[in-house]
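Enquirer: Please construct the entire structure, taking both the sequences and the accompanying hints into account.
Protein chains: 2
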Amino acid sequence: MARGKLLYAQSGGVTAVINTTAAAVISTARAQGLKVYAARNGIIGALREDLIDTSKESAAAIRGLAHTPGGAFGSCRFKLKSLEADRRHYERLIEVLRAHDIRYLLYNGGNDSADTSLKVAEVSRQLGYELACIGVPKTVDNDLAVTDCCPGFGSVAKYTAVSVLEACLDVASMSESSTKVFVMEVMGRHAGWIAAAAGLAQREADDPPHLILFPEIAFDQTTFLSKVKATVDKVGWCTVVVSEGLRHADGRFVAEAGGKDAFGHSQLGGVGPAIAALVKDNLNIKVHWAVPDYLQRSARHLASQVDHDHAWAVGEKAVEYALAGQHGVMPVIQRSSSAPYRWKIVPAPLTKVANHEKKMPKGYIRRDGYGITAACREYLAPLIRGEASPPYGKDGLPAYVRLKNVAVARKLADYSLSDG
Amino acid sequence: MARGKLLYAQSGGVTAVINTTAAAVISTARAQGLKVYAARNGIIGALREDLIDTSKESAAAIRGLAHTPGGAFGSCRFKLKSLEADRRHYERLIEVLRAHDIRYLLYNGGNDSADTSLKVAEVSRQLGYELACIGVPKTVDNDLAVTDCCPGFGSVAKYTAVSVLEACLDVASMSESSTKVFVMEVMGRHAGWIAAAAGLAQREADDPPHLILFPEIAFDQTTFLSKVKATVDKVGWCTVVVSEGLRHADGRFVAEAGGKDAFGHSQLGGVGPAIAALVKDNLNIKVHWAVPDYLQRSARHLASQVDHDHAWAVGEKAVEYALAGQHGVMPVIQRSSSAPYRWKIVPAPLTKVANHEKKMPKGYIRRDGYGITAACREYLAPLIRGEASPPYGKDGLPAYVRLKNVAVARKLADYSLSDG
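Protein chains in written order, with full-length UniProt numbering: chain A, 1 to 420; chain B, 1 to 420.
None of these hints come from the bench; they were simulated from the model. This structure is a prediction, so every number in the text was calculated from the model and none was measured. Don't take each hint at face value.
[Claimed, not checked] Not close to chain B: a few residues of chain A, all C-beta gaps over 12 angstroms, as computed:
hint : residue
1    : R92
2    : A99
3    : F253
4    : K411
[As the list claims (entries may be wrong)] According to the in silico footprint, chain B covers these stretches of chain A (three or more CB under 8 angstroms from chain B):
hint : segment
5    : 63 to 70
6    : 75 to 84
7    : 278 to 292
8    : 375 to 387
[As the list claims (entries may be wrong)] 27 angstroms max Cα-Cα, derived DSS-like pairs, lysine-lysine:
hint : chain 1 : residue 1 : chain 2 : residue 2
9    : B       : K362      : B       : K352
10   : A       : K79       : B       : K280
11   : A       : K344      : B       : K394
12   : B       : K344      : A       : K394
Note that CB positions come from ideal geometry on N, CA and C, so glycine has one too.
Expert: Written as structure tokens, this is what we have:
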């Protein structure tokens, strides 16, 4: 049944549990006698024929990998364009796979990766190279279509809810004579899932976060400021969680850092301090702001057990699907019940996943636009449950592993990623 | 032996474990049959006669308090000035204590609190009111004199080291095609202790953090940028940890948020993005930055066991000292050995603690000014050891308690904090 090798590649922003998926892929394949290579820095390594032989890693290292954040083999932001524009890259990729007798490609990423997987599958068919392409879901943004949620999201959701809960106990105790408004910026360029997760910290009406600013809702400065003032007057202080992708009614981001990433997206950052300055200048009260940035998506020490279980399961199923002869699919999470929480993994065609973006349903955002609904809470609640804490060393730091990442001997000539 | 009541008050910025100290104070006093009142919002509540009767809290609530961040009774930034300038306040305070037969004042704070405790002790003596004033150490900044370290610091140190470790695994995996420089701003207005703690994440020479910017070392833009460039060239990426209090050679803060707090300190924030912008504009590489702000000092979920033990011990000893008739002292941490780590609590005169600021010793900062020395590591290492994790609820959030905070019936007329 198994023949050839399996290539595993990570793509796009990493998560607290993407390596859990990697560990599941490697463990499951090993148990089936299937050799796993990993692409160094994702698709870039695959194109450069820069491959890693994971069979050089000990069983202990792979066990440790399951609780280590970041992307152990390297990931990348490198988007393959259309077949017409980037045909050279697609053909090179097949050439590399063929040279190493790789018959299974597991591409662990988000929307862009599902699209790339589809195109690679098409080119391999055209070139008569038998290859099973399996997408494996991952993204903290939770914006992948079809799957009920994305591995990586549950942990950033937990981090966000816990951080708001803790920071607000701090703010509450100081508000009489110090900071009265606390602004926390979270990730989420187009979809407000992470901002929504902050709402899980709220148990009673006047609990924080008092105001959530979603990218789905155009920012209305006047209403926002009046709500901040009303909250401070009533509660004594106010906490605002703002999504990095917050926009004005005309579509402009409230804060742009100025740069563009390799995907052509604006490099955001700074909406938190911008909102804080707005409050300070207009209401003349002491404001603090936080931007956890990468801390939120790498906080493996606070990973959700449910998220960890999802991340493991999609990795395991991806190998099983590949070995069962499926291709052009992605193992996705299907929820059958929220209370009690029941889920299973099913295969979904990549065509249904690629290039679709899952926004927050309208019914998940409160009618006034500044909070989450009961339906949203019911959806989110199971995803942050359980603590998948890493082991700690005697030094008080989590015992994260470093792989050896031994390179596979190259068989082909050098390849340049740029056309020039 | 015990007579009258004990008043416990929290002062200044709270920490992840200040409530651990509060729980120790209340538990120890209860065991001795001593009634504990707490001042709501610190000294402000004491002046307003806004006192909390902690005997209304269950034993379970006090146990829960030991693992709950923030300041459970409220803290404040309200500095009593000199005896001449604020005599009215000091006399009012004695009046409140006398009205409720409070004979022990435990003031849990930093430098300012030690100074206030001293002055209260002096006024009570002048007014012939028998009162034992005990300072109890607390501050994330670790800048309190005499004590080897401050309860609250070990946990923020652990948070900082773990966050750098995790975020840098993320940055390392993406650096080939995305962010190459990551800047993390940490607290520390005048002393670089928290920034130094980030250095504990470094195990080998090229590990992050690659550059630490201390408030003790004047910022030299040219050297800094050349070091960032050299690190990116050698390692592929670079992580910078910067203290909020970083200054230019002429003494100006590199970033000022513009406001002033009640102590007349500048309200800082924003040196992280400022340093990030500097790197981006001069080296033209993709930069990300994080400012965890209050998250770092409230992260009880990541508290250090050693810090927790310190925080408990100073609370317990403060009550023992008070009941043993000591006054004008503070229980401080005395280290007898770093390896193995051995410490005990001893009383120190408040006169030695008040208004002194413990800076980083010169020998703790690397000669080039951008990292910590082996001596610094030896000092810091024990402080982040062990995990004092809080229990979690089924909802996936830490089970933090909310006290009832029942007010004590007032006996005096209203009092205005302002002179007008």
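Enquirer: Does each hint hold? Answer for all of them.
Expert: Evaluated hints:
1. No Cβ of chain B comes within 12 angstroms of the Cβ of R92/A; the nearest lies about 17 angstroms off, and the non-interface call holds.
2. Here A99/A stays apart from chain B, with its beta-carbon at least about 22 angstroms from theirs, past the 12 angstroms limit.
3. Taking the minimum C-beta to C-beta distance to chain B, about 16 angstroms, the non-interface status of F253/A holds against the 12 angstroms cut.
4. For K411/A, the condition that its CB be more than 12 angstroms from all CB atoms of chain B holds, with the nearest at approximately 22 angstroms.
5. With 3 residues bearing a CB less than 8 angstroms from a CB of chain B, the segment 63 to 70 of chain A meets the requirement of three and the coverage assertion stands.
6. For the segment 75 to 84 of chain A, the assignment as covered by chain B holds, since 4 residues bring a beta-carbon within under 8 angstroms of that chain's beta-carbons and 3 suffice.
7. Counting residues of the segment 278 to 292 of chain A whose C-beta lies closer than 8 angstroms to any C-beta of chain B gives 7; at least three are required, and the coverage claim holds.
8. Judged by the Cβ-Cβ criterion of 8 angstroms, the segment 375 to 387 of chain A is covered by chain B as claimed, because 5 of its residues qualify and three suffice.
9. A threshold of 27 angstroms between alpha carbons decides the hint, and for K362/B with K352/B the separation of about 21 angstroms falls inside it, so the pair holds.
10. With a CA separation close to 23 angstroms, the supplied pair K79/A and K280/B stays within the 27 angstroms bound.
11. Only pairs whose Cα atoms come within 27 angstroms are accepted, and K344/A paired with K394/B is accepted, the gap being roughly 21 angstroms.
12. A C-alpha spacing of about 21 angstroms is found between K344/B and K394/A, which places the hinted pair at or below 27 angstroms, so the restraint holds.
When the structure is compared with the earlier hints, no violation turns up for any of them.
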